[in-house]
Structures are given as structure tokens and as C-alpha cells.
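Add chain W to chain G, keeping to what the hints say.
Heads up: the sequence lines are chains G and W, in that order. Anchor point for the first sequence: position 67 equals 67 in this note's numbering, and the numbering is continuous, going up by one each time. To convert, count from 1 in the second sequence and add 95; that's this note's numbering.
FYI, nobody ran anything at the bench for these hints, they're computed from the structure. Some clues are possibly wrong.
[Claimed, not checked] List of simulated lysine-lysine pairs, DSS-like, C-alpha gap at most 25 Å:
hint, chain 1, residue 1, chain 2, residue 2
1, G, 61, W, 177
2, G, 87, W, 117
3, G, 90, W, 117
4, G, 87, G, 64
5, G, 64, W, 177
What follows is each chain in one-letter form.
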Amino acid sequence: MAFAPLDPVLHNQLRLAVISLLVAVEEGDFNFLLEKTGATRGNLSVQLTKLKEAGYIAVTKSFKDNYPNTLCRITPQGLSAFEQYVKAIKSYLDK
Amino acid sequence: MEQPMTPEASLRLIDEMLQQAKRSFSRMSFYFLLWGALLLVATLTEYAMNRAGLPNGWLGWPILGTLGGIISAVHGSREGRKAGASTFTDRVFMWVWMAFTFTLVIIIISCVQVGQRPGPWVSILTAMPTLISGGILRFRPLILGGVLFWVFGLLALFQWPEHGALLFALALLLGYIVPGFLLKRQEDGLRTA
Numbered sequence: 001m002a003f004a005p006l007d008p009v010l011h012n013q014l015r016l017a018v019i020s021l022l023v024a025v026e027e028g029d030f031n032f033l034l035e036k037t038g039a040t041r042g043n044l045s046v047q048l049t050k051l052k053e054a055g056y057i058a059v060t061k062s063f064k065d066n067y068p069n070t071l072c073r074i075t076p077q078g079l080s081a082f083e084q085y086v087k088a089i090k091s092y093l094d095k
Numbered sequence: 096m097e098q099p100m101t102p103e104a105s106l107r108l109i110d111e112m113l114q115q116a117k118r119s120f121s122r123m124s125f126y127f128l129l130w131g132a133l134l135l136v137a138t139l140t141e142y143a144m145n146r147a148g149l150p151n152g153w154l155g156w157p158i159l160g161t162l163g164g165i166i167s168a169v170h171g172s173r174e175g176r177k178a179g180a181s182t183f184t185d186r187v188f189m190w191v192w193m194a195f196t197f198t199l200v201i202i203i204i205s206c207v208q209v210g211q212r213p214g215p216w217v218s219i220l221t222a223m224p225t226l227i228s229g230g231i232l233r234f235r236p237l238i239l240g241g242v243l244f245w246v247f248g249l250l251a252l253f254q255w256p257e258h259g260a261l262l263f264a265l266a267l268l269l270g271y272i273v274p275g276f277l278l279k280r281q282e283d284g285l286r287t288a
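Excised from the complex, chain G in its bound form (with noise of 0.2 Å):
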């Protein structure tokens, strides 16, 4: 029995990080996201860029405090495209 391919886009560290924080909350900011992951602002940057060109992300940019603000939240198909990859590494470790 063939194996359900995983999802390129989901299978890298920083950004199965990112979408599994924000499957949880309901939006999370760069902070947020960037102290619950441990990451690089730059790291942090380019892989939500990614997310977000995949459209698993939404991005709103605005200002916190007259800091500049940027809050990510999942969308319908980062969510559907989530659940995909969690049945595909099950499938593996069903094996």
C-alpha cells in the first residue's frame, strides 16, 4: 500500500510549528509566534512569507503601541491542508 505523500510545505520545522501554534489560537502575532518557536526573526520571516504565498496564512499588518504589528492566522485551507498532513504521518507510523 502506497504511502499519502506529505505536504512540502508543512514538512519543514519552523513552518509545522507555526501552523500547529495557530491552529490552536485563534490569531497569534510575530512575537508570539517567533517566542513560542524558539526561532530567528529572519528564519521566522521568510517561513510565514512561504505560508502565507501557499495560503495556509493570512496576514494582517498594522501597529501595536506605535509598533509596527503583524498577526497571522490560519486559513480554511492551511487548516485542511494541517489535517492532511496529520493523516499522513499517522498513515506512517501506522506501518
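Okay, now just chain W, sitting in the frame of chain G:
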């Protein structure tokens, strides 16, 4: 974070992030302890002043109510800024308690206008958001607290109107302050877990 991942590592990472997100919950215990203490002081002050035959015992309600509103708003906005994330549960709490606060103000003003004591009605109304919060948090002491607000409110209304203030004080102690302390202990445990 760029090494190739095994399925086990992926699952571990997902689980770890979900646990991390869990620690970002809002601390509700602060509000139960704050309002429990303020309303308890307002209730007992009014009771004591009425017993002593002193006028304007009801003044503690608007004063402490306003103080509680200001502290809650400042604390809520500060916590919101610090958290950096908001959950669906946070939104539900915010709307439920906001609706409760407006209804509470309307009931207190209406009761004063028609010459009724607001205590029993406030107690009966307080049961609703307390019970909802207990249900959402799956925290039994708050669910029980909500039920107690109904029971003590009805007793104050029909059974012992002369001891309504003391019944409400007891409801605040058992429905807000005790569950508030228990919830705080649980929150502290989750934060450090």
C-alpha cells in the same frame, strides 16, 4: 529547525506546539477574585450601614462597581497586549461578560427606579456568566458557583428577604472567591508545567 523530520518528530513537534499554545490562555481567576472581593465589600458595607441606621449604604455599589470596571479594563488591555495571541475562547468570554455587565447595570438602575433591592436579581443574573465560564473552562467549582448564585438569589427573593445581603455575600464567597482561588492555583500549575 531545518533537519529532515521523521513522522514521529513531526507528531512530537505538533504536540509540543499545542502544549505551548495552551500556556497562552487568559487568566480568568483575576476577574473572579477582583469582582468577588469588591462586590463582597459593597454588600457587607450596605448591610452593616443599614443595620446601623446610616443613610446611603448603597453608595458602595456604584463606587466599587466603577473601580472594578476600570481595573478590569486596564488589566484586560495590558494582558491582551502581552499575550500576543487570542483564542476563540477569549472572544466568547469577552462577549459573555460584556453582555452581563451591561445587563447588570440596566437591572441595578431599573431596580433602584422601581424601589426594589437589586441584590437577589444581581445574584440570579450572575449565575449565568459564571455557569457559562465554568462550562467553557470545564471547571466544576465555577459551575457549582453559578448554581449557588441561582439558589441564594431565589432564597433572598422569596424566603429570607431580610437576610438577602448576607445570602448574596455567601454566594460571592462560594461562587466567586473560592472558585477564583482554586482556578488561580490551576492556572499557576499550567503556566509552569
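Status of the hints after comparison with the structure:
1. 61(G) / 177(W): Holds, at roughly 18 Å.
2. 87(G) / 117(W): Measuring from Cα to Cα gives roughly 22 Å; hence the hint holds.
3. 90(G) / 117(W): Holds, because 23 Å separates the two Cα atoms, which is no more than 25 Å.
4. 87(G) / 64(G): 38 Å, violated
5. 64(G) / 177(W): 11 Å, holds
Comparing the model with each numbered hint stated earlier shows that hint 4 is the single one that does not hold.
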